[in-house]
Each structure stands twice: as C-alpha cells, then as structure tokens.
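Visitor: Next come the chains, spelled out residue by residue.
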Amino acid sequence: MAHDAATAPGTLEPGKGLQGFVADWSSDQRAFKKVPWGKAMMWIFLLSDTFVFASFLVSYMTVRMSTTVPWPNVSKVFSLTVAGQEVPLLLIAIMTFILISSSGTMAMAVKFGYQKDRRKTALLILATAAFGATFVGMQAFEWTKLIMEGVRPWGNPFGAAQFGSSFFMITGFHGFHVSVGVVFLLIMAAKVWRGKLDTEAPGFLTGRRGNYEMVEVMGLYWHFVDLVWVFIFAFFYLW
Amino acid sequence: MSHAQSHEHTPAAPAKLEGQAHPISVYLWIWGLLFVLSFFSYLVDYFHFQGFLRWSLILLFMFLKAGLIIAIFMHMAWERLALVYAILVPTCALLVLTGLMSLEGDYTFHTRGAYFAPAVQEAVKPH
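In order, the protein sequence lines correspond to chains B and G.
Its first residue numbered 45, the first sequence is counted upward by one per residue in my numbering.
Its first residue numbered 7, the second sequence is counted upward by one per residue in my numbering.
The hints are simulated quantities; they were obtained by calculation from the structure and are not laboratory data.
No experiment lies behind these values; they were computed from the predicted model shown.
Glycine is no exception: its CB is placed at the ideal position from the N, C-alpha and C atoms.
Take the hints with a grain of salt, since some may be wrong.
Said to hold, decoys possible - Restraint ranges, calculated between C-beta atoms of paired labels, are given here:
| no. | chain 1 | residue 1 | chain 2 | residue 2 | range |
| --- | --- | --- | --- | --- | --- |
| 1 | G | Cys-98 | B | Met-192 | 37 to 47 Å |
| 2 | G | His-28 | B | Ser-71 | 26 to 36 Å |
| 3 | G | Ala-99 | B | Gly-216 | 20 to 30 Å |
| 4 | G | Ala-83 | B | Glu-57 | 14 to 24 Å |
| 5 | B | Glu-244 | G | Leu-34 | 26 to 36 Å |
| 6 | B | Glu-244 | G | Leu-66 | 39 to 49 Å |
| 7 | B | Glu-57 | G | Tyr-113 | 51 to 61 Å |
| 8 | B | Arg-238 | G | Phe-53 | 47 to 57 Å |
| 9 | B | Pro-246 | G | Phe-46 | 45 to 55 Å |
| 10 | B | Trp-81 | G | Thr-114 | 39 to 49 Å |
| 11 | B | Ile-138 | G | Ser-62 | 23 to 33 Å |
| 12 | B | Glu-244 | G | His-28 | 22 to 32 Å |
Kindly produce the complete structure, drawing on both the sequences and the hints.
Guide: So this is what it looks like as structure tokens:
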C-alpha cells in the first residue's frame, strides 16, 4: 500500500490564492512555501528598511508642516544652469533616470542568471554597479554644490532651517544604501564571472553555497534602493 | 524497480527552488514605462502645476512607479500570497503614522503661530 505521492506529508502541493495564504500561515512547517529562505529574509529586511525610510520621510513631513518659515523653493535650489538657462531639477531628473536604468539592467541580470548565462549576468551586474556609482557621484556633486551655497543641517540661506537637516539625512541615508549596494554588486559580479555560482562554491563570508538565486536576492535589494528613490523624488524634490 | 522504490521513500526534499523566468520584453517594457512616468512627474514640476493638481499627479505617478517596481522588477506579482501579505500589510501601519504625525505637525504649526506670531511675520518674506 504505497503512499500516493500527491498526498504524502511534506510533498503536498500547497494551495493557491487566499486558501493558500491561510494554509501557509496556519501550518506549523514553513510559512513561505517554495520561497528560498534567502529571499524571504531579504524581503523581511527590506520591510524593516521601509520603516526606517518611512520614519525619515514622515519626520520630514512633520517638520515641513510645522515650520513657520517658508520652505525653500526646491525646484530652484536644485536647478542647474545649462547654456545660460536655468533648468529646474535637471540633476535630480538625470539621477532618477540613471537609477531606473540600473534597475532595468539588474532585472535582466536576474533573468540571465536563472538561464545560467554567466557572461551576460556578470556584465549586466557590472553595468548596474556602474549606474549606481554614477548616481552616488552625482549625489556627491549635488551635496558639494549645496554645501558651497551655505546649506547646513542647522540652516540655509533659502528658507526654513529644517530643509538642510531633512535633505542631508534622507539623501545621505539613501546614498549610503546605494554605495553599499554597489560594493555588493561588485562582489556578486566577481562571483558570477568566476563561475562560483555554477560550481556552488561556498561564499567567503557566510560559506553558503553559490546559486543564481543570490542574484535575485541581490536584485531585490537594488530594486528597493530604486523604490525608495521614487518616494524621495516625489516627496522631497517635487512636493 | 528498486530504484523507483528508493526514490519513493526519500524524505521530502527541501522546497524545490523555482527561478523566475519571464521574457526579457517584460523588463524592457517596465523600464520604458518607468522612464515615461518619471518624465511625466518631472513635467509636473517643469510646468509649475500647483495645488490639488500638483500633488495628485505626483502621488499618482509615484504609486504607479512604485507598483511597477515591486510587482514586476521585484517579482512580487508572482510570489505566493503568504509572502505578499507579510510584506505589504505591515506597511499600512505607516499610513497611520503619517496621519498621526500630520495632526501633530499641524498642531505644532498653530501653537507656534499663537505664541511666536511676531517671529512668524518676520520670517514670511519672499525669496
């Protein structure tokens, strides 16, 4: 009386949709079925990071609402003079397009990773890192420009003092995330290029065996950095 | 025969890992859409839209972009509902925080107006 493979415990095909949701959470095995733990943990980390960035943005909203001094004209503060003409938010727009492009190359790197196309994956991750580094470089330029114009965390010549502290805090924390991402992208590109994911070689830090899911987990972090920028762009630069 | 039997009795393997496999055109389309949406939100500022039109457009483009990134680039659209809910539902708490802090900010603003009115008048000048 052999077990029917479909009903044997542990091999049960989990249900889909709302039923699957209830079944997953009420089971005492693993909640996230068919989700590699690395991916689930990255998502939970990103959730916590969401709260960090949301705290920054909410505190920015609070100080901006409560200040009695006019907020600086952001469109003007971040304008660039091109050929004698002032173009509002030009640098920020370019940074936005660069970060979106880096997300595009990252998504394709994940795709080629699952196809086990080592070469294309590594090159696309490298392109992503290059876009990210460009973004950080432009942010450094922007910071320099504003600091030269007298913007400080405790005050600035354009209006409400809270502008400086919000700006340095929010963009600084985001820029830090991008920088960390670039470092990890370079490490990942090297791993992919050397074929460490194909041979399932243990990583130098955690000893985890290499596989192409790592590229997707890395991609999740990178897309999150882009996602946060969407909110910063809307609330800080456009509002 | 014996091979088949031994296979049947192997303990349940850890969940089979499934890679995300989608045609590359999906990503290129989303990439293009994100460019267009970003361009539109830039135009909101460029044409100096003000008031309700401004912030409704900013929010619209923001949520569309965020949705595309999460759903397609981060593959949320293809994840199991258990994971989707675990990530998306807690973020709703942020709406509560935003609501509370906007009340708080408004209150602080009016308190400052009531107690430091001269400073307010002094500060409000064109820039």
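Visitor: For every hint, state whether the structure bears it out.
Guide: Taking the hints in turn, this is what the structure says about them:
no. : hint                               : result
1   : Cys-98(G) / Met-192(B): 37 to 47 Å : 42 Å, holds
2   : His-28(G) / Ser-71(B): 26 to 36 Å  : 29 Å, holds
3   : Ala-99(G) / Gly-216(B): 20 to 30 Å : 25 Å, holds
4   : Ala-83(G) / Glu-57(B): 14 to 24 Å  : 21 Å, holds
5   : Glu-244(B) / Leu-34(G): 26 to 36 Å : 31 Å, holds
6   : Glu-244(B) / Leu-66(G): 39 to 49 Å : 45 Å, holds
7   : Glu-57(B) / Tyr-113(G): 51 to 61 Å : 54 Å, holds
8   : Arg-238(B) / Phe-53(G): 47 to 57 Å : 50 Å, holds
9   : Pro-246(B) / Phe-46(G): 45 to 55 Å : 47 Å, holds
10  : Trp-81(B) / Thr-114(G): 39 to 49 Å : 44 Å, holds
11  : Ile-138(B) / Ser-62(G): 23 to 33 Å : 25 Å, holds
12  : Glu-244(B) / His-28(G): 22 to 32 Å : 24 Å, holds
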